[in-house]
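J.: Residue strings, one per chain:
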Amino acid sequence: MRLLSFVAGLLFSALALAQSGPIKVGMSMPQTGPLGAGGQAALLALRMWVEDVNKRGGLLKRQVELTAYDDQTNPAVTPAIYAKLLDVDKVDLLIAPYGTVPTAPIMPLVKQRGLLLMGNFSFQVNRTVKHDMWFNNSPWNDASSWSDGFFQAGQKLGAKTIAFLAADQEFAQNLANGARDLAQKAGLTTVYNQNYPPATVDFSAMIRAVRAAKPDLVFVMSYPNDSVAIVRAVNEIGVGDSVKLFGGGMVGLQFTPNMVSLGKSLNGIVNYNSYVPGMKYPGIEDFLARYAKRAAEAKVDPLGFYLPPFNYAIGQMLEQAITATKSLDHKVLANYLRTNEMKTIVGPIRFRADGEWANARVVQAQFRGVVDKNLDQFRQPGKQVVLYPDQYKTGDVIAPFEKARK
Amino acid sequence: MFSLDLLRDAVVFGLLVGCFYAAVSIGLSVAFGLLDVPHIAHPAFLVLGSYCTYLLCQYGWDPILAGIALMPVFMLLGMAVYRFYYVTFEKRGTEAGVRGLAFFFGVVFIIEVGLVLVFGVDQRLVEADYIGKSLTIGDMRLPLRLIVAFGVALVLTVGLTLYLSKTFTGRAIKAVAQDEAALRLMGANPVRIKQWAFGIATAVTALAGALLIIVGPVEPTMDRVYIGRTFCVVVLAGLGSMSGTLVAGLILGVSETIVLTLLGASWAPAVSFGLLLVMLGIRPQGLFGR
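In the order they appear, the protein sequences are chains A and B.
So the mapping is simple: this note's numbering equals the position in the first sequence, first residue as 1, plus 3.
So the mapping is simple: this note's numbering equals the position in the second sequence, first residue as 1, plus 75.
Because the hints were derived from the structure by calculation, they are not lab data.
Any given hint might turn out to be false.
What the hints assert, rightly or not - Calculated pairs, EDC-like style, for lysine to aspartate or glutamate (alpha carbon to alpha carbon, straight line, at most 20 Å):
no.	chain 1	residue 1	chain 2	residue 2
1	A	LYS267	B	ASP254
2	A	LYS346	A	ASP289
3	A	LYS334	A	GLU300
4	A	LYS376	B	GLU202
To be verified - Covered stretches of chain B, going by a simulated chain A footprint (3 or more residues, C-beta under 8 Å):
no.	stretch
5	82 to 89
6	332 to 345
Virtual Cβ for every residue (Gly too), placed ideally from N, Cα, C.
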């Protein structure tokens, strides 16, 4: 009997010790490869949230610990990383890696195991999986939410034809398919439609072909390396006088090092964004000021407008849900996230049944008056004039594209 | 959509890009083609060359001049790498030489991680008067950066071809590739010759790396984009043929660009390996191989 009491006491102590250990949050993050630049900036923001929440005493009186592995932007490795996080590291909560391509392969895993997954700027990865415990931090929901602003501006300019240039990758193809549907609905004739492989070295020939097609609109869906190369090729080859709008879904033109490097070559491009200076949310300016100091030390995106605030928001949403429910149970947390408004530094968020934002907030902005080699210019409103949505609009589009470049 | 104008432009772009492909492959043609070293770290050295060029450009250097200035440093680096590879793998026999693949994999990871630690993962670009501008001929616009890369690649290939065929050391490098034992009987030290040749192959990557960052942005893992293409060019050319490397680069560049412009960009990556398969089927020794 004494022995039994002793064993029970030991078990109880072990259980109590486990309960008082840190809350483990696990994820993979592209820290190298094409999405590495964005991934490192996003990870810094998440680490800032962990520090902030631990300074406040943690969650459920337990410290928070973040485990993040580099997935090298390689979708082939993410399932193994998440299996390790769950089975070896025994994490309590999961956050998805930045981007559609690394996230897509882990969706079946989390659905099969019935786990909560906080999405991280991926696009439509839950469309076919239909996991009811997925909550994305990105300000878009379906394809129209992303490209509506671009097409509306195009229609106002009387556009009749369109050219598509899209990376042969999950994200770009999802977006391209949605954009093609929208173009069809808007009565636009597609005069050029090209999917290019991820390892494309030079885009001069493709931009020449776009010019030959004489489109009114050019909708581009590209990844960071390609976006920079495309902007350069456009600057050298030109897209012709017919083009009224150019851009749409170019990932990478939101990253500060790219914006600074490309300088005035960016002028005239209309592209999506998540946040540009001038948009007001409670707490975002304080966060960006703190982030800028940390980013300089960490040698990551010095401004961090695009991803970091939204990654910090992931932490805030987890914090709000755990504090309110006093639970780490995934079903309980998912239910809270689904039914309550989340208060974050990127504004209030409500989720739809599919885990995407109920009210999308993708910005389409036109680069204007950008000069070469000047980082500070991007801190001010006006270098990216918001055309859409109306609630954030700061100006009208300048067209045609060649005129807007001057 | 087909037009003669588009076809003409595709051929011209292809020639420019093809010459660039030759430039980034020619070092491998020496290391793998002539010396039989399984140098899979060649594209990583290219990227290292790009980053060193980037570093010098921050002090106002022109990228091409920076690439030329880096060549002696890279030559020493290459000689040191070969010496290490020789002592630890090649000296121990053929099987150990093949196991040297693991050594070069290790070199790739060291270079990639080193670049990430020093420069971060952001893309890097350089600026020069010929970047971002184009040359207009009639209704055709040619990017100046590609024309510069074309010119430098041409000089590099012709220079290396002349060096290997007209100088004593060059001929010794060719000899070591053909019959190492015979060279030893002539009183020459094949290991030293190979070390020198590997140094040259690595020195070339400094200038080719400068071309890489002139043509487009680079990031630490960019080598993975070039590993297939460079090996394809070298095998297509015929192992060890410098002029063949130029011709193979041009064939690859032109066919890729024509496919990309007129048939569909998705098929472009299949071009290099498709050509390689056809070549291996009808002429296994490559275009200029013996």
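J.: It remains to establish, for every hint, whether it holds in the given structure.
T.: Hints and how they fare:
1. The suggested pairing of LYS267 of chain A with ASP254 of chain B is violated, with an alpha-carbon distance near 57 Å, which exceeds 20 Å.
2. Our distance criterion of 20 Å between C-alpha atoms is met by LYS346 of chain A and ASP289 of chain A, whose separation comes to about 16 Å.
3. The straight-line distance between the Cα atoms of LYS334 of chain A and GLU300 of chain A is roughly 38 Å, outside the 20 Å bound, and the hint therefore fails.
4. Between the alpha carbons of LYS376 of chain A and GLU202 of chain B the distance comes to roughly 10 Å, so the proposed pair stays at or under 20 Å and holds.
5. Taking a C-beta to C-beta cut-off of 8 Å, the stretch 82 to 89 of chain B contributes 4 residues in contact with chain A, enough for the three needed, and the coverage statement holds.
6. For a cut-off of 8 Å, the count of residues in the stretch 332 to 345 of chain B with a CB near a CB of chain A stands at 8, and the three-residue condition holds.
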